[in-house]
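Asker: The chain contents come next:
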Amino acid sequence: EDQVTQSPEALRLQEGESSSLNCSYTVSGLRGLFWYRQDPGKGPEFLFTLYSAGEEKEKERLKATLTKKESFLHITAPKPEDSATYLCAVRDTGFQKLVFGTGTRLLVSP
Amino acid sequence: DGGITQSPKYLFRKEGQNVTLSCEQNLNHDAMYWYRQDPGQGLRLIYYSQIVNDFQKGDIAEGYSVSREKKESFPLTVTSAQKNPTAFYLCASSTSANTGELFFGEGSRLTVL
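Chains as they are written, first to last, in the working numbering: chain A, 1 to 110; chain B, 1001 to 1113.
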């Protein structure tokens, strides 16, 4: 069974304090790993797709990386507006549906 | 502006009543989805539709029903058979069912009194 585990559950940073969020996954064959951002009371917003180990994607202060077992979302010099829940999801080669992790709640204080 | 519109944003229902959540998209996407989000749990798939007049059950379809009579619309009915319907419901769409790049609506929060 496909599994996605995100850590930590919650993370509090000071503005400018860089850190990383982790997404560990178990699939029979990876057909894509996806990162989303979700603000409170809103729907998730797509950020990145990663397909193969070694791949990296960047957007502003965010950089996503992928290995054969996990993905990291690196946040460089975060700002308060980066505060949100970050969700990770995977798609297995054998299935069409996405499997989501429970997310990491990020709070960036000024 | 293109996007997905869910309504209502908040809904209260008495036990034993059916309720229908609306989802409309103007992105010309073929695939549409309904997810349920509960605290401490990942998004769970209720139903999805790859094309008009076709839909498949997800992981937690019991107590729910859907229809896909138009490409733009994918309403979800929460029936009285759903044992624990209080949750945040999210509708999404994508260009096809083969992509993980989903566009989500703002969500509908259902509370059963």
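I should point out that these hints are in silico values taken from the structure, not numbers from a laboratory.
Keep in mind that the hints are not guaranteed to be accurate.
Restricting the straight-line Cα-Cα distance to at most 20 Å, the calculated cross-link-like pairs of lysine to any residue (SDA-like) are [unchecked claim]:
id, chain 1, residue 1, chain 2, residue 2
1, A, LYS42, B, LYS1009
2, A, LYS42, A, PRO80
3, B, LYS1057, B, SER1096
4, A, LYS97, A, ARG31
5, A, LYS68, A, ASP92
6, A, LYS97, B, PRO1008
7, A, LYS42, B, PRO1008
8, A, LYS42, B, PRO1039
9, A, LYS59, B, LYS1009
10, A, LYS97, B, LYS1083
11, A, LYS57, A, ARG31
12, A, LYS97, B, GLU1062
13, A, LYS42, B, LYS1083
14, A, LYS97, B, GLY1002
15, A, LYS69, A, GLN14
16, A, LYS42, B, LYS1071
17, A, LYS57, B, LEU1113
18, A, LYS57, A, THR67
19, A, LYS57, A, LEU47
20, B, LYS1083, B, PHE1103
21, A, LYS42, B, GLY1003
22, B, LYS1071, B, THR1095
23, A, LYS79, A, ARG31
24, A, LYS97, B, LYS1009
25, A, LYS59, A, ASP39
Asker: Each hint: holds or not?
Answerer: Taking the hints in turn, this is what the structure says about them:
no.	hint	in the structure
1	LYS42/A / LYS1009/B	holds (10 Å)
2	LYS42/A / PRO80/A	holds (17 Å)
3	LYS1057/B / SER1096/B	holds (17 Å)
4	LYS97/A / ARG31/A	holds (11 Å)
5	LYS68/A / ASP92/A	holds (13 Å)
6	LYS97/A / PRO1008/B	violated (26 Å)
7	LYS42/A / PRO1008/B	holds (13 Å)
8	LYS42/A / PRO1039/B	holds (14 Å)
9	LYS59/A / LYS1009/B	violated (30 Å)
10	LYS97/A / LYS1083/B	violated (24 Å)
11	LYS57/A / ARG31/A	holds (16 Å)
12	LYS97/A / GLU1062/B	holds (17 Å)
13	LYS42/A / LYS1083/B	violated (25 Å)
14	LYS97/A / GLY1002/B	violated (24 Å)
15	LYS69/A / GLN14/A	violated (29 Å)
16	LYS42/A / LYS1071/B	violated (24 Å)
17	LYS57/A / LEU1113/B	violated (45 Å)
18	LYS57/A / THR67/A	holds (13 Å)
19	LYS57/A / LEU47/A	holds (9 Å)
20	LYS1083/B / PHE1103/B	violated (28 Å)
21	LYS42/A / GLY1003/B	holds (14 Å)
22	LYS1071/B / THR1095/B	holds (12 Å)
23	LYS79/A / ARG31/A	violated (32 Å)
24	LYS97/A / LYS1009/B	violated (25 Å)
25	LYS59/A / ASP39/A	holds (17 Å)
The structure shown violates the earlier hints numbered 6, 9, 10, 13, 14, 15, 16, 17, 20, 23, 24.
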